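J.: For reference, the chains in residue letters:
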Amino acid sequence: MTVSVEWYLLLSAAVFCVGLFGILVRQNALMFLMSVELMLNAGNINLVAFALYWGNLTGQVFALFLIGIAAAEVAVGLGIILVLNRNFDDIDVTEATTMRW
Amino acid sequence: MIVEAVLAVTLTGALLVAVGPDRYAAKLATVVSVLPLAGSLWMWTEYAGEGNALLESGEVAFQTTVEWLTLGQYTLQWYVGVDGISLPLLVLTTVLTTLALVSSWTPIDERQSQFYGLMLLLETALIGVFVSLDFFLWFVFWEGVLIPMYFLIAVWGGPRRKYAAIKFLVYTNIASLIMFAGLFALIFGLGDSITTLSLPEITQAVLADELGSFAGLEPDTLKMFAFFLLFLGFAVKVPLVPFHTWLPDAHVEAPTPVSVMLAGVLLKMGTYALLRFNFTMLPDVAADYALLIAAFGVVSVIYGAVLALAQRDMKRIVAYSSISSMGYVIIGLIAYTPHGLGGATFQMISHGLISGLLFMTVGVIYNATHTRMVGDMSGLANRMPWTVGIFITGAFGYMGLPLMSGFAAEVLVFIGAFQTSVVPAAPLLTALSMFGIVIVAGYLLWAMQQTLFGSFELETDYEIGPAPIHDVASIGVLLGLVVLLGVAPDLIYETIQDGVNPLVDFAGAALTGGA
Amino acid sequence: MNDLGTLPDWAGLAPALALVGTALLLFLYDMIEPDSQNNLLLAGIAGIGSLTALGFAGWFLLAGTGQPDRGGAIELFDGQLVVDAMALFFMAIFASVTLLVVVASYDYLAGRANQAAYYSLVMLAATGMAVMATADSFVTAFISLELASLPSYALVASLKQNQGSVEAGLKYFLVGALSSAIFVYGISLIYVETGVLQFGEVATALASGELSGVVGLGILFIIGGFAFKTASVPFHFWAPEAYEGAPAPISAFLSSASKAAGFVLAFRVFLTALPRGSVEGTLDWVIAFQVLAIVTMTVANFAALRQEKVKRMLAYSSVGHAGFVLIALGALTSEANRSFVLGSGMAHLLVYGFMNTGAFLVIALTEHWGIGREIEDFNGLATQAPFACAALTVFLFSLAGLPLGGGFLSKFYLLLAAIDGEVALLAIALVVNSAVSVFYYTRVVKAMWVEEPADDLAIEGYPSGLYVAITFAVVLTVLLLPGFGFVLEFTSTAAETVVPG
Amino acid sequence: MMGTTALTTLAGTATVPQFISLATKDVFKLAPAIALFPLASFFISLFLGKRMPKGGALAGIAATIASLALSVWLVIELAIGGGTYQETLYTFVGGASDSAVVEHTGVELTFGLLIDPLAALMLVIVSLISLLVHLFSLGYMNDEGETGLPRYYAGLGLFTFSMLAFVYSDNLLMAFVFFELVGVCSYLLIGFWFREDAPPSAAKKAFLITRFGDYFFLIGVVAIFATFGTTAFAGENSFVTMAADGLNPDVAAEGIDTPGVSEDTWFTVLGLLVLGGVVGKSAQFPLHTWLPDAMEGPTPVSALIHAATMVAAGVYLVARMYGFFALLPTVLAVIALIGGFTALFAATMALVKQELKQVLAYSTISQYGYMMLALGGGGYVAGVFHLTTHAIFKALLFLGAGSVIIAMHHNENMWEMGGLKDRMPVTYATFLAGSLALAGIFPFAGFWSKDEVLFETLAHGLGGSPILLIAYGFGALAVVLTGLYTFRMVFLTFHGEPRTDTAEDPETVGWSVKLPLVVLGVLSVVGGVLNMGVLKDIIGESNLFLHEWLDGATMDTDLGALSASHYSEVLEADYGAGYEVTDLSPLGPGVVALVFAVVGVGAAWYLYSGADPEPKMTRLGRVRTVLLRNYYQDEYQAWLATGLTLPFSRIADKFDRGLIDGIVNGIGTVSMVVGRQFRQIQTGVVTNYAALLAFSLLLLLFAFGFVGGWF
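Residue numbers (my numbering), protein chains in the order written: chain B, 1 to 101; chain A, 1 to 515; chain E, 1 to 501; chain L, 1 to 711.
No wet-lab data here; the hints were simulated from the structure.
A couple of the hints might just be wrong.
[Claimed, not checked] BS3-like mimics (lysine-lysine), calculated; alpha carbons at most 25 Å apart, straight line:
(1) A:K162 x L:K654
(2) L:K616 x L:K421
(3) E:K309 x A:K162
(4) L:K514 x L:K54
(5) E:K160 x E:K309
[What the hints assert, rightly or not] So these bits of chain L aren't anywhere near chain A, every CB distance computed over 10 Å:
(6) L48
(7) M52
(8) I80
(9) D250
(10) P286
(11) H410
(12) R499
(13) T508
(14) A553
(15) S585
(16) L587
(17) A603
(18) R629
(19) G709
As the structure is a computational prediction, the values presented were derived from the model and not from experiment.
Here a beta-carbon is modelled for each residue, glycine too, at the ideal position from N, C-alpha and C.
For reference, chain B alone in the conformation it holds in the complex (with noise of 0.2 Å):
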């Protein structure tokens, strides 16, 4: 039996919104990322999903494409991070508040 393709749908935007909620929610930086990444990949269930249901491989290739992106970006963040460590030692982003009005 497969699964119906709205079922994808659902769970991706399930996934979406945890990472929103992540992000929204959690102050260290880490986190953050990490919830990105669940949005990122609430993308990718879609676009894996809706390749199968359309038959062809737009979606797969572009999603694969997706996967490298989001570990180019994790490493820019990851760099990032560390020295924002570096500079207020602490990775918490509520922190960084120099600047703001």
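Fit chains A, E and L to the given chain B structure using the hints.
T.: Okay, now just chains A, E and L, sitting in the frame of chain B:
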């Protein structure tokens, strides 16, 4: 090409003076300013235009047209030229600039090259305003005036100069944008019937009833809407009560030569534009609201004069009385009679000269006393007889003393306004506005009595003696011009009449047809 | 189908290739000599690279490459990339801004570490932007967008010892990552509905039949992605901090080129992939952009009123200008002459590219001199550096829409566009916000020219690179007033490639 | 045409006369010089005065002599048969060939000369008085060592120029121009001693109050121009003739443009407006308050102002356009009432003044009241006659007072004088002659003219105009008071014992003072010969020289619409004032007036003639206080200016800066506050950004979701 030459010379001169050393700036700038002066006077003697530049029959003098760029359906042009309305104002600008530059020699003692450069830049923009016949080009110059003016007030002004300068800039800029929107409402309403933004084309299209509906507004509503926005925008510049509050601040804070330019020429931009846009393009709307517009004029006259009564700062007195004087221009314009329109234009010139004269004289006194407050000094006539003599004569000129230009202008305006059938109850309104001549006498006489007469006393610690000869000379020249135009208004009035007459013709036809 | 003379099709990508080549060259150099301080060489390489890109872009533009009379747009890689007038026009903007930034960085970077990395990241980001201009599929769109973004994050944070820079990098990155995620999710929703990602095919797919809310949601999320890239409210939060904290040349780069990149992609996506006619029923993006435009202009301009730091004020101004350009999308109503409207946004982006970059470069100059960031710190600067201050005055007044530079005309063009689309609210918002903006720009001008200098105001040296870049920018800004017509030729051709007729 | 018919009948000639003859006599060509000489002296004195002997006085004297000579020549020319001369000298607006102005409006504004008997007479008076004042100034100013003499003589020159030009203006606009210039000159001269506080203030007051009057005058000028398209005084196309045609039902009038009211109403309004200027300049109630203050100026200037120039200008204007006023019964009644009332009103105040010049000032107001009374009462000739005689004896009195003031070292208080008659006989004799003339004692000049004024008013009043009778009552009563205050002045100043040391030993005065006094004294005695109206029935109408003169009887050509008989015609016409003349012998009323005058003089003799007179007026108690305070006229007018207008302007200023400017600044402030709020959105916390971002997205989602129907 003379127009281009004048503009180019002035602009080049401005840049040259600005980068040159302070030492030579004053004299260099004055010498440079003689070139556009000579150019404009040459144009004056060679002028062979006829009629109103905006109307079909008009022949524009010294005209050049070059395509600039095409934006959408509209071709923007470099389109310059003069007619009987703009030429006198052009000459006024060049004359006043040169004299204002001379009067700067004494008070301006720091950052001179910048000051004189900006003054010439201001002159360039002002000349541009009066010669442009393409709306967009005109608007470039129109906005371009603001920038040098802002600096001139903000850098070389009095204690509250920054406030005054930014108020001037923001207030008048907002007004410009409102006006801009107003004109574009018209332009868009004209739709495909125009292909350039040249003022004659716009005017003639509007007058030919080619206005369509735009943004859901029927042509008539659109006209009204555009008129309203244009009027609002120009009313700030003129300024008409209640949009005037930037003016006293700007005048009080600006250094004297800048006040001269401000009162002498900048205010005329407003009335000039009203004449060119509101009253030439949309005479029927003007006629519909004639009573309201005339009321604006009357209120400005009386209110400005009454406020002048309450002032102690002599510059503020002249500033408020400028508001009052510009009210007459409005009353004359809305009359749509030959003497109304002609007299109003004449009043622009006349007020330019007289207010320039008074500001310069106040400046000469200030240079010596370092105060402008009535009450801080008395009996100046004992120390600077010639300056005081010119001041008294100028003040009488401001009061509309016969044989000085103010009288000729005011009488023509009154005659024109009295006769009009455009404004309801015109005789009554005219009579009401004429009461301004009594009030103006009141405050000027009061100020003169306090400061010039009595025994000599001065609150500030300055030794004063006769003013420098170049200062007296420049106010003397202005006084001479005021008297000359007062004795022989025909010198410019013929040219002005030639420019406004076609306006009376078609407007008269349109208005009687409409009414 | 296309005509590049004797050159192969892929040569159409020459500007992007020049940029990426330069980046790789710099990488190579960095690998060989990681601690190099040979600033002149590095800047030279980067400069020549961007100049080459500019040369190619300009050449192609003038030669008519990708334009209908020369065989139409060049499609590459199965329609993943497309080289047409719009792409070339924007590549020219990117290359110009990059050139200015690189020249200016020569002085800015003097004595700092990791110079080669810096230049190569700039070139990479520029490459990303160039590819964004040519992207013709959501796949390439997203990849190029990330290619532009990721180096930008690093560049913003490149002053590793500086708290502000790091904080700016962090915020930029976090908001950017979130926005990318939203963008991707939006793309995936489009894929859910259509099963294709190439723009033209998406349009074809959407044109048939009823659309569900999924598409609308997807479009909304895609708008979010662009809003981030163009720094539009409410995705603008990163901008004030990123521009303020970043090295000033990078602020210039981001606020000018990166914004333009976001817009060129948005133009293409919304006009070729998600044409309003097809998706109107589920989400009328014209309305959405109208809302965004008005909100962006108003929030940014009013917030800028009370800023005390020059750079931050410019950041808000930059957000405000995003709002102005959004008019070009918001005015694409059915009444509008669409290529005319679209052209207005492009023209403004070009002019803005010079005047805004110029303004930030003057800020870079003041940072180079060690002058403070507050407006007050600029007091009396004109006594020391009249040329730079005159240039900044021109930039600021041009930004304000006063007729000292091309900004006056391009804003006017935007106004015409708003009126052409018969969106009165946009026109009014444009006028009101222009009026408001005069005030805060003037504050800086006032500080420089009017206020008395502080006693300790002293500047040392007149760095040639920065001055060259500023001079270049100011000359172009001023020349764009009389020479605006020249720009218009390109914008109208560029706009007609995405909205024929 | 109406004008022509009128004069054929009246002048009794059968030929159809030229309305205006364009004389080619050389003297008329020279006429502009009459005014230009003093103008030249203005420039010479102003710029070269410092280097000239006598501070420029000589230039002025030469100029006025020349003017006088030319004026006399003109009079002779007219007396031996010349014609009225009218010439447009200068086109102010619209002068160019193929003028756009003229092409469009059909009118031009011009300056021109109108020389008729009236103008010629006035020219002589003005130039004569001016000459004498110049001469007198040599003693009063030069010998007293005043500084600023070039300025003084320049002022006199300009003043004379303005007045002369005003006098022979051929249109109302030009008249207004010089009317105003006269006002400015009086400002400059009254405020001559600018280093003191009072003169500048008095000068300001004089200018302001007369300007208030001129405001109405200017409206009148503009309105007349707008109504008739011309402001010319004389000629077929003058506004006077057009107005007459407009009102005359027998004539079809064209080109009159009234703003929606009937013609007679509108003309009445016009007349009243012009009258505003007259009331201001001629110091009639209620705009008389400036005149006593104007005594702050040098005394010769007072003489000039009061006798021949400034104040005379108002009355002269009425005479000049009498053809217009004669059409308007309401305006005439107002003129007569104002005149009569002012005559009485001012006389009462003169009773209690202590300063010599103050008495003369109020007497001036009073006497100009008589002239107005005459003109309002239909006595055109009488008004002009009184203007003439008054010019002479009032100039005499002022100059005599000036002489006394020199003698008294600038002390003007009469109570500190006394007994001067023996010490300054010439001054006394001439002053007495002037006083007798002023009081109206037979046979001095004032007697004849004042009697004629009263007679004309009475005659027209009895003819069915009761309002004139009231005015006559005022005038007759004032005769008594005139006698009283005049001789109170004479007795206090010259008679009795010297009351102070200065009076005991006054300074002597020179020939330059005495000469003018003698000349004027003689004229005051014999001036009445001009028009002995009281004896009309005895000597015959043709020997009333002034009447004949003003009627144009001496001229070859007909004076037409400018003639006295034409004015009577209009006055009595149905469309005009509608006056009727009772057939009354002038002898009876003349005797009555003389008796009144003698009663006044006798009262003065009774009260003040002793060796050491007491202040008798104190018995009037509070009435005296009221009189001394001038009925509080100054107070209420000062209150109008400083108590009402000034506070109002301050309130307006507060309103302006507070509310209007407040709104402007308020908009700025609101923008700033909004800006601060928007700025606060940027909290600096990246999580908040994410939240706001998500929230906004959600908001958009819901909004567009609902619109797009996604749910």
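J.: Could you run down the list of hints and mark each one as holding or not?
T.: Hints and how they fare:
Between A:K162 and L:K654 the CA atoms are separated by roughly 22 Å; this keeps the pair inside 25 Å, and the hint holds. Restraint check for L:K616 and L:K421: satisfied, since their Cα atoms lie roughly 22 Å apart, inside the 25 Å limit. Proximity of E:K309 to A:K162 is assessed by CA-CA distance (about 19 Å); at most 25 Å being required, the pair is judged to hold. With a C-alpha separation of about 18 Å, the suggested pairing of L:K514 with L:K54 holds against the 25 Å cut-off.
Under the criterion of a C-alpha separation no larger than 25 Å, the hint pairing E:K160 with E:K309 is consistent with the structure, at around 22 Å. Interface exclusion of L:L48 from chain A stands, the closest Cβ pair being 15 Å apart, more than 10 Å. The claim that L:M52 is not at the interface with chain A holds, since no C-beta of that chain comes within 10 Å of its own (minimum 17 Å). The claim that L:I80 is not at the interface with chain A holds, since no C-beta of that chain comes within 10 Å of its own (minimum 35 Å).
Its beta-carbon lying about 28 Å from the closest one in chain A, L:D250 satisfies the requirement of being farther than 10 Å from that chain. Residue-level check passed: L:P286 sits 15 Å from the nearest beta carbon of chain A, beyond 10 Å. The Cβ of L:H410 lies farther than 10 Å from every Cβ of chain A, with a closest approach of about 18 Å, so its non-interface assignment holds. Distance check for L:R499 against chain A: the nearest CB is about 32 Å away, which clears 10 Å, and the non-interface claim stands.
For L:T508, the condition that its CB be more than 10 Å from all CB atoms of chain A holds, with the nearest at approximately 32 Å. Every CB of chain A lies more than 10 Å from the CB of L:A553, the least distance being 36 Å, so the non-interface label holds. Against the 10 Å criterion, L:S585 stays outside the reach of chain A, whose nearest CB is about 46 Å from its own CB. Residue placement check: L:L587 keeps its beta carbon more than 10 Å from all beta carbons of chain A (closest about 47 Å).
The claim that L:A603 lies off the interface holds: its Cβ sits roughly 41 Å from the closest Cβ of chain A, which is beyond the 10 Å cut-off. With 10 Å as the threshold on Cβ separation, the claim that L:R629 sits away from chain A holds: the shortest Cβ distance comes to roughly 23 Å. Residue placement check: L:G709 keeps its beta carbon more than 10 Å from all beta carbons of chain A (closest about 27 Å).
Of the numbered hints listed earlier, not one is contradicted by the structure.
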